[in-house]
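One line per chain: the protein sequences are X and Z, in this order. Its first residue numbered 1, the first sequence is counted upward by one per residue in this note's numbering. Its first residue numbered 1, the second sequence is counted upward by one per residue in this note's numbering.
Heads up, some of the hints might be wrong.
What the hints assert, rightly or not - Listed next, with one range per pair, are the computed distances between beta-carbon atoms: (1) X:Gly-142 <-> Z:Phe-179: 48 to 58 Å; (2) X:Lys-179 <-> Z:Gln-39: 29 to 39 Å; (3) X:Lys-81 <-> Z:Leu-394: 56 to 66 Å; (4) X:Asp-111 <-> Z:Leu-394: 31 to 41 Å; (5) Z:Phe-397 <-> X:Lys-179: 47 to 57 Å.
To be verified - The calculated lysine-lysine pairs, modelled on DSBU-like cross-linking and capped at a C-alpha distance of 35 Å, are: (6) X:Lys-90 <-> X:Lys-53; (7) X:Lys-40 <-> Z:Lys-86; (8) Z:Lys-52 <-> X:Lys-53; (9) X:Lys-81 <-> X:Lys-45; (10) Z:Lys-86 <-> Z:Lys-156; (11) X:Lys-40 <-> Z:Lys-52; (12) X:Lys-46 <-> Z:Lys-86; (13) Z:Lys-52 <-> X:Lys-42; (14) X:Lys-46 <-> Z:Lys-44; (15) Z:Lys-86 <-> X:Lys-141.
Keep in mind the hints are simulated off the structure, nothing from the lab. Backbone N, C-alpha and C define an ideal beta-carbon position, used for all residues, glycine too.
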Amino acid sequence: MVFLKKYIFIWIGLLGLTMFTASAQDALVQAFANSYTAEKSKDYKKAIAELTKVYASDAYEINLRLGWLTYISGQLAESVKYYKNAIALKPYAIEPKLGLTYPLGMQNKVDDLMALYNRILETDPQHTIANYRLGYIYYNKGQYEKAEIYLGKVINLYPFDYDSLLLLAWNNLRLQKVKEARVLFQKVLMFNPGDASATEGLRLLNG
Amino acid sequence: MCKRYYLLTGIGLFLAMMGIGQTNLSMPDVDAETYRLYQQANWKVLIEAGNKALDNGMDFYYLRVRLGIAYYETGNYHRAITHLEKANAAGNGDAFVQESLFYAYLLAGRRMEALVLSKSFTPEQKIRTGTNKMKIFRQADVYYNINRADNSEVIKTFSTEDIPEEDGRQYISDGHRYFFAGLSHEFSPSFSLYHAYTGLQKDHFVYAREEDIATTNEQAHSSLNQYYATAQLRVARNVQLLGGMHIVGLKFVAPVVTQRQGRDVLSWENGTASESVFFGGISAQAPFVSCLAMVYSGNFNQRKQFQTDLLFTFYPSGNYSWYLVSQLSHQTEKLDAEKVNRLVFEQQAGVKLAPKWLAEAYVGFGDMQNFVANQGAVLYNTMDMVKSRGGLRLYFFPSLRARLHLEGSWLRNESAYYPKGSLQQSYNSIMFNSYSVTGGLSWYF
Numbered sequence: 001m002v003f004l005k006k007y008i009f010i011w012i013g014l015l016g017l018t019m020f021t022a023s024a025q026d027a028l029v030q031a032f033a034n035s036y037t038a039e040k041s042k043d044y045k046k047a048i049a050e051l052t053k054v055y056a057s058d059a060y061e062i063n064l065r066l067g068w069l070t071y072i073s074g075q076l077a078e079s080v081k082y083y084k085n086a087i088a089l090k091p092y093a094i095e096p097k098l099g100l101t102y103p104l105g106m107q108n109k110v111d112d113l114m115a116l117y118n119r120i121l122e123t124d125p126q127h128t129i130a131n132y133r134l135g136y137i138y139y140n141k142g143q144y145e146k147a148e149i150y151l152g153k154v155i156n157l158y159p160f161d162y163d164s165l166l167l168l169a170w171n172n173l174r175l176q177k178v179k180e181a182r183v184l185f186q187k188v189l190m191f192n193p194g195d196a197s198a199t200e201g202l203r204l205l206n207g
Numbered sequence: 001m002c003k004r005y006y007l008l009t010g011i012g013l014f015l016a017m018m019g020i021g022q023t024n025l026s027m028p029d030v031d032a033e034t035y036r037l038y039q040q041a042n043w044k045v046l047i048e049a050g051n052k053a054l055d056n057g058m059d060f061y062y063l064r065v066r067l068g069i070a071y072y073e074t075g076n077y078h079r080a081i082t083h084l085e086k087a088n089a090a091g092n093g094d095a096f097v098q099e100s101l102f103y104a105y106l107l108a109g110r111r112m113e114a115l116v117l118s119k120s121f122t123p124e125q126k127i128r129t130g131t132n133k134m135k136i137f138r139q140a141d142v143y144y145n146i147n148r149a150d151n152s153e154v155i156k157t158f159s160t161e162d163i164p165e166e167d168g169r170q171y172i173s174d175g176h177r178y179f180f181a182g183l184s185h186e187f188s189p190s191f192s193l194y195h196a197y198t199g200l201q202k203d204h205f206v207y208a209r210e211e212d213i214a215t216t217n218e219q220a221h222s223s224l225n226q227y228y229a230t231a232q233l234r235v236a237r238n239v240q241l242l243g244g245m246h247i248v249g250l251k252f253v254a255p256v257v258t259q260r261q262g263r264d265v266l267s268w269e270n271g272t273a274s275e276s277v278f279f280g281g282i283s284a285q286a287p288f289v290s291c292l293a294m295v296y297s298g299n300f301n302q303r304k305q306f307q308t309d310l311l312f313t314f315y316p317s318g319n320y321s322w323y324l325v326s327q328l329s330h331q332t333e334k335l336d337a338e339k340v341n342r343l344v345f346e347q348q349a350g351v352k353l354a355p356k357w358l359a360e361a362y363v364g365f366g367d368m369q370n371f372v373a374n375q376g377a378v379l380y381n382t383m384d385m386v387k388s389r390g391g392l393r394l395y396f397f398p399s400l401r402a403r404l405h406l407e408g409s410w411l412r413n414e415s416a417y418y419p420k421g422s423l424q425q426s427y428n429s430i431m432f433n434s435y436s437v438t439g440g441l442s443w444y445f
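So that you can see chain X by itself, here it is in the shape it has in the complex (with noise of 0.2 Å):
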């Protein structure tokens, strides 16, 4: 009896504990939806509200929807501690990291930039977005032999790319790599015929 009475007790926690996870589960999954309803209805406040209620500092999810929300809400110090804790959370996730160019790339904290597409870059070397910026962000420091290996990567995986073929034939025009350039701004022109870009470097390599 003794027995039967102590697997009852067992029973009957495992039932509340089940329920009252499933309360919470169910408790986060409306507090998503409704952020997505304020959200669309451009309540930013109240998106970021209804997270708030139910966040947990080790939820990657919250920390890295917090991260957008207070992003587009213009908090951009909020956005960066959101998304540096959701990479803390999930240090080889490449999302919040994108997440966290946002703000940054606001700021234009430049170097900060690099240092986190390079982190990109070590877990998915062939991470598009990630060498496109970097070649770009090489581009405007006027380092023009950095930027062509992140944006031949690029034109290696998208050949007919129209920003990448664009960028990569004036960095070439920079290196004084003529043929190569002339080459590139054809391929614009042959993807928007009168591309006024490559029109004009074509005139600057003609002249």
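Fit chain Z to the supplied structure of chain X, relying on the hints for placement.
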């Protein structure tokens, strides 16, 4: 140009295009909208949209850059500075932002801030902005001034009826002329010096009474050699300290009692004296306003002066298209145990008449005697008291290096008999006007 385009396209826009547009007040939409307006050079709408975003807590690097450029392009350099300073502080030495801020400082008249900023420029930027070498000779000025007093009737009808039988003097200025030559030097971005020589010739009518003998001299003449120097030191962002001196060497004729055939007679003899004023001050600039506080300690005409000035300049449009300068001065003058306090107020208004023309009009009221004006550069050290003055200045800029200056002014003077050793007592007040014309050239090296 291509590089500038890419710089302003910015990573922010790139990311914004990837984001989901939610509302007019979402960060990605604000970024995209202000960038679109920037590309269209729609400065007024960009300013409205940008300020609305800032009011709603959206504050990011590219928004500050775009707002700064929008204000710059619309000529509001003070607002442009506010935004470009924030962008520059947050950015990573972006050359376009740095150079835009540099020119905004220059066009707002804050040359020292521009030079300090240029210290962080790359060698290419320094060459581009002409800041690769300090200008030991920065500016040279030459001026000539003629002043004529409208006092012929006053002198003709001069009467001593109201003058007590006490030793003393009464001067009536009969005009002056001076030549002024100044040079400014920039020794470092934070330190500059301006110094000048003035040679001044003065004519006046003098009535003097000495040991009960009275005499007049209708053609008394004085000559003054003056040296003026003022240094400026930047001590913090938009804050400078000023200090300097103005030394005057005088040659004049003075009545001296001599014995002639057993009788005392007053004769006019040459004399020399030196006078000086030392000064210091602090100036600060903020958006749309700058202020200057000065203190002066001088000794003119055997009296001691202590003067304080408070000057505010308002730039309602954030530039030199029009501006107002208000100055209040308090002077305490001492002679032995006597002391007088005087207040002087001056109001000036400047307006840009055309792209190369600037005009300034000014009026001043108060008791200007042994008074220091224009941060120590101008001395009212005759015994005539200037009760009010007004004038009009016209500046013409034929090129970026040259400035021509033409000025006409009017002074309402009061001449009075001052008994020897007396500061507060004066008799035989006579009012008369005098008129000045000044012409000059400033050259910027």
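Here is what the structure says about each hint:
Distance hint check: the CB atoms of Gly-142 (chain X) and Phe-179 (chain Z) are about 53 Å apart, consistent with the given range 48 to 58 Å. Between Lys-179 (chain X) and Gln-39 (chain Z) the beta carbons are some 32 Å apart, a value that agrees with the proposed interval 29 to 39 Å. In this structure the supplied range 56 to 66 Å holds for Lys-81 (chain X) paired with Leu-394 (chain Z), their Cβ-Cβ distance being about 59 Å. Restraint check, Asp-111 (chain X) to Leu-394 (chain Z): a C-beta distance of roughly 52 Å breaks the suggested window 31 to 41 Å.
Between Phe-397 (chain Z) and Lys-179 (chain X) the CB atoms are about 50 Å apart, so this pair conforms to the stated range of 47 to 57 Å. With a CA separation close to 22 Å, the supplied pair Lys-90 (chain X) and Lys-53 (chain X) stays within the 35 Å bound. With a CA separation close to 32 Å, the supplied pair Lys-40 (chain X) and Lys-86 (chain Z) stays within the 35 Å bound. For the given pair, Lys-52 (chain Z) sits about 30 Å from Lys-53 (chain X) by alpha-carbon distance, which is consistent with the 35 Å threshold.
Annotation: proposed proximity of Lys-81 (chain X) to Lys-45 (chain X) holds, straight-line Cα distance about 17 Å (limit 35 Å). The suggested pairing of Lys-86 (chain Z) with Lys-156 (chain Z) is violated, with an alpha-carbon distance near 67 Å, which exceeds 35 Å. With a C-alpha separation of about 22 Å, the suggested pairing of Lys-40 (chain X) with Lys-52 (chain Z) holds against the 35 Å cut-off. For the given pair, Lys-46 (chain X) sits about 30 Å from Lys-86 (chain Z) by alpha-carbon distance, which is consistent with the 35 Å threshold.
Our distance criterion of 35 Å between C-alpha atoms is met by Lys-52 (chain Z) and Lys-42 (chain X), whose separation comes to about 17 Å. Restraint check for Lys-46 (chain X) and Lys-44 (chain Z): satisfied, since their Cα atoms lie roughly 33 Å apart, inside the 35 Å limit. About 21 Å separates the Cα atoms of Lys-86 (chain Z) and Lys-141 (chain X), which keeps this hinted pair within 35 Å; it holds.
Violated hints for the displayed structure, listed by number in ascending order: 4 and 10.
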